[in-house]
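A.B. asks: Fit chain Z to the known structure of chain X by using the hints.
Take a look at the letters that make up each chain.
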Amino acid sequence: QQQVKQSPQSLIVQKGGIPIINCAYENTAFDYFPWYQQFPGKGPALLIAIRPDVSEKKEGRFTISFNKSAKQFSLHIMDSQPGDSATYFCAAKEGNSGYALNFGKGTSLLVTP
Amino acid sequence: EPEVTQTPSHQVTQMGQEVILRCVPISNHLYFYWYRQILGQKVEFLVSFYNNEISEKSEIFDDQFSVERPDGSNFTLKIRSTKLEDSAMYFCASSGRAGTGELFFGEGSRLTVL
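Protein chains in written order, with this note's numbering: chain X, 3 to 115; chain Z, 758 to 871.
Keep in mind the hints are simulated off the structure, nothing from the lab. Careful, some of the hints might be misleading.
[As the list claims (entries may be wrong)] Computed list of lysine-lysine pairs in DSS-like fashion (alpha-carbon distance at most 27 Å, straight line):
(1) Z/K799 / X/K73
(2) Z/K799 / X/K7
(3) Z/K799 / X/K44
(4) X/K44 / Z/K840
[Claimed, not checked] A few chain Z residues facing chain X, derived, Cβ under 7 Å:
(5) K799
(6) V800
(7) F802
(8) S805
(9) S812
(10) E813
(11) F822
(12) E859
(13) F862
(14) G863
(15) E864
(16) G865
Built from N, CA and C at the ideal position, the CB exists for glycine as well.
Just chain X, same shape as in the assembly:
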């Protein structure tokens, strides 16, 4: 059973565009939703994260939008750059008693010059 569903699988945008990556979940015990960025040959690196008590969080060019009632959250990258080309994973974790991050399948983003 896939706990976190992520789409699209791949995405190509031009420099300056705003790619949007979507994730959905079913487990209402999830209370922490991070996004990880992974470059080829590297481990995932935490990009930005949100808890369900807020609907939006912005850090630099990266914004998470969170819809608790729909159990969906998304990542927006403003003014995307070729250096943003990477694989992006959404994830979710149960409350403080849980340790495991449940990852989505990832979105391969290519930002063209």
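C.D. replies: Structure of chain Z alone, referenced to chain X:
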């Protein structure tokens, strides 16, 4: 900047052999994890470790797997008898706080089972 380091970066082994993957977590972190990523697929949780014991493990982490913190710095994953399907990138991660998804990942150890 502190980082999680993993060795080896790539290991090739024959099916049925034992493999030990090593990790040095960030020095003041207390929570340690192993994840794996089969080529082109999502990152999957294997096990978490705190206070010298397993705190949570997934269905993937069966009796063939074990973890150990043999000293104050290393954190190891042992696969007793490797199978072809164990071929994957194995990531070690650590965090400084419980209940957080703020994990710091190493660059991974690629395991190829022939």
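A.B. asks: Taking the earlier hints as the rules, which of them does this structure contradict?
C.D. replies: Hint 11 contradicted; others consistent.
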